[in-house]
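As a plain string of letters, each chain reads:
There are 2 protein chains.
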Amino acid sequence: MFAHSPIRKRLLNSRLYLVTDQELSGNRETVKTVEQALRGGVDMVQLREYSLNDSQLFEMALKVRKLTSKYKALFIVNNRPDIALASGADGVHLGQDDLPVPAARKILGKSKLIGVSTHDISQAKRAIKDWADYIGVGPVYPTQTKKNVVPPVTLDYVRQVNKARLPIPFFAIGGIKLHNVEEVLKAGARRIAVVTGIVGAHKVAKVAGEYKKILRKYPWV
Amino acid sequence: MFAHSPIRKRLLNSRLYLVTDQELSGNRETVKTVEQALRGGVDMVQLREYSLNDSQLFEMALKVRKLTSKYKALFIVNNRPDIALASGADGVHLGQDDLPVPAARKILGKSKLIGVSTHDISQAKRAIKDWADYIGVGPVYPTQTKKNVVPPVTLDYVRQVNKARLPIPFFAIGGIKLHNVEEVLKAGARRIAVVTGIVGAHKVAKVAGEYKKILRKYPWV
Numbered sequence: 001m002f003a004h005s006p007i008r009k010r011l012l013n014s015r016l017y018l019v020t021d022q023e024l025s026g027n028r029e030t031v032k033t034v035e036q037a038l039r040g041g042v043d044m045v046q047l048r049e050y051s052l053n054d055s056q057l058f059e060m061a062l063k064v065r066k067l068t069s070k071y072k073a074l075f076i077v078n079n080r081p082d083i084a085l086a087s088g089a090d091g092v093h094l095g096q097d098d099l100p101v102p103a104a105r106k107i108l109g110k111s112k113l114i115g116v117s118t119h120d121i122s123q124a125k126r127a128i129k130d131w132a133d134y135i136g137v138g139p140v141y142p143t144q145t146k147k148n149v150v151p152p153v154t155l156d157y158v159r160q161v162n163k164a165r166l167p168i169p170f171f172a173i174g175g176i177k178l179h180n181v182e183e184v185l186k187a188g189a190r191r192i193a194v195v196t197g198i199v200g201a202h203k204v205a206k207v208a209g210e211y212k213k214i215l216r217k218y219p220w221v
Numbered sequence: 001m002f003a004h005s006p007i008r009k010r011l012l013n014s015r016l017y018l019v020t021d022q023e024l025s026g027n028r029e030t031v032k033t034v035e036q037a038l039r040g041g042v043d044m045v046q047l048r049e050y051s052l053n054d055s056q057l058f059e060m061a062l063k064v065r066k067l068t069s070k071y072k073a074l075f076i077v078n079n080r081p082d083i084a085l086a087s088g089a090d091g092v093h094l095g096q097d098d099l100p101v102p103a104a105r106k107i108l109g110k111s112k113l114i115g116v117s118t119h120d121i122s123q124a125k126r127a128i129k130d131w132a133d134y135i136g137v138g139p140v141y142p143t144q145t146k147k148n149v150v151p152p153v154t155l156d157y158v159r160q161v162n163k164a165r166l167p168i169p170f171f172a173i174g175g176i177k178l179h180n181v182e183e184v185l186k187a188g189a190r191r192i193a194v195v196t197g198i199v200g201a202h203k204v205a206k207v208a209g210e211y212k213k214i215l216r217k218y219p220w221v
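Residue numbers (our numbering), protein chains in the order written: chain A, 1 to 221; chain B, 1 to 221.
Think of the hints as simulated: they come from the structure by calculation, not from any bench.
Treat the hints with care, as some may be off.
Claimed, not checked - Here chain B is said to cover these stretches of chain A; the calculated rule only asks that three of the stretch's residues, wherever they fall, bring their Cβ under 8 Å from a Cβ of chain B: (1) 54-64; (2) 198-206.
Said to hold, decoys possible - As a list, the in silico BS3-like pairs of lysine-lysine whose alpha-carbon atoms are at most 27 Å apart: (3) A:K186 / A:K163; (4) B:K106 / A:K66; (5) B:K177 / B:K106; (6) B:K32 / B:K177; (7) A:K110 / B:K217; (8) A:K70 / A:K186; (9) B:K110 / A:K110; (10) A:K106 / B:K177; (11) B:K66 / A:K63; (12) A:K106 / B:K217; (13) A:K163 / A:K72; (14) B:K72 / B:K217; (15) A:K106 / B:K72; (16) A:K106 / B:K70; (17) A:K112 / B:K112; (18) A:K129 / B:K72; (19) A:K106 / B:K66.
Note that beta-carbon positions come from the ideal geometry of N, C-alpha and C, so glycine has one too.
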């Protein structure tokens, strides 16, 4: 984590992180889903779409940038520092098989956020040494997300990360639904990322609001 | 085309452009193929690999950057301005469904090269208006490249582009082999890009040298 900056203060205040997936959103388009989720109170949006070409992804990123700015939410692009820069996003999210964090940092500079998916504590520590701004911790539960081939890390990893008192925020992710979110928070998470639980909901704004309500019962400071 | 610069002078002098494809290279690894092709005299290399994840692609880009520097050849990354920047490549090549040229230019700055695949004269003109540095003209003949779903543009488009006297260099591409390269040059091309014709060859350096020899019979100035 770099010195305090407005964007990093907003990151600290972010508790509910929406990750998009058109294919899990039924007939609703991702941009529509994002708008409804923002109305419901998500603090941060990651554009993660596997089925679009770069031209389509860029067009969508521009739209999501506008919406997130309107709702004062952070906007992160999955995998692609170039599309993050071109669309004016706040940062990028990297998996373990994506560009290494130092390479992405070189492109993005210090003013952008870099998040990293981690599946064990050594990956978490690596991310911190690489100056990542936040990490994902998961998948906590089995998920429907196709590209996710990592077996669930279970609540054990959440507890482990919580105990480690890492110097950057972590978001628990992976199969977190309204019915199990409280056990994740009880395991020590204070920030969560949600895909299907929100994008697959019938009433997106309402469901997002319900996650927020539960999160408020577990303040992070 | 921007004001003269060393990199753009080298582009003008580049006549034989190798585009990589591990899957068409038999058992030979792309890095090996690139090295042999450079020995044979290719002036420019584009890293275009569909089967690698970003981490692997980045590692390979670093290796190809070293080799191309050693042989004083230009190095272009397909599709990805971020990986081009992170690996110190000379530029990026964009297809019609990739990031728009102005978005890529914003990320790359004026000192990097941007090439664009074009399949008709209106795309060629669009690329020039967007300040692309060179264009691809093709596919001239049917190709084995899997991702290429565009029907052949035939020698007619090569002749059309040649007649149009565009203010930037163009590379004819698509199914160009030793047995048909001369008809492409006779149609007005002075620069060619080759995939299978080189990466699929038994003796890569020798075949690259043969392309060069034929190209020398058709000077560009």
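Distance restraint between K106 (chain A) and K72 (chain B), which requires alpha-carbon spacing of 27 Å or less: Holds. K106 (chain A) to K72 (chain B) sits at ~25 Å (cutoff 27 Å).
Verify the coverage statement for the region 54-64 of chain A against chain B, using a C-beta to C-beta distance below 8 Å and requiring 3 or more qualifying residues. Check passed, 4 qualifying residues.
Against the 27 Å threshold, does the CA-CA distance of K186 (chain A) and K163 (chain A) hold or violate the hint? This hinted pair holds, its Cα atoms lying about 13 Å apart.
K106 (chain A) and K70 (chain B): Cα distance at most 27 Å? Since the Cα atoms of K106 (chain A) and K70 (chain B) sit roughly 24 Å apart, the hinted pair holds (cutoff 27 Å).
Can you confirm whether the C-alpha distance between K70 (chain A) and K186 (chain A) stays at or below 27 Å? violated (32 Å)
27 Å limit on alpha-carbon distance, applied to hinted pair K32 (chain B) and K177 (chain B): It holds: about 21 Å lies between the C-alpha atoms, which stays within 27 Å.
Given pair status - K72 (chain B), K129 (chain A), alpha carbons within 27 Å: violated (36 Å)
Please work out if K106 (chain A) and K217 (chain B) have their alpha carbons no farther apart than 27 Å. violated (44 Å)
Please work out if K177 (chain B) and K106 (chain B) have their alpha carbons no farther apart than 27 Å. violated (36 Å)
When you check the alpha-carbon spacing of K110 (chain B) and K110 (chain A), does it fall within 27 Å? OK: K110 (chain B) and K110 (chain A) at ~22 Å, within 27 Å.
Can the restraint linking K106 (chain B) and K66 (chain A) be considered satisfied, given a maximum Cα separation of 27 Å? Holds, at roughly 19 Å.
K163 (chain A) and K72 (chain A): Cα distance at most 27 Å? Violated, at about 31 Å.
Hint compliance for this structure: hints 2, 5, 7, 8, 10, 11, 12, 13, 18 are not met, and every other hint is.
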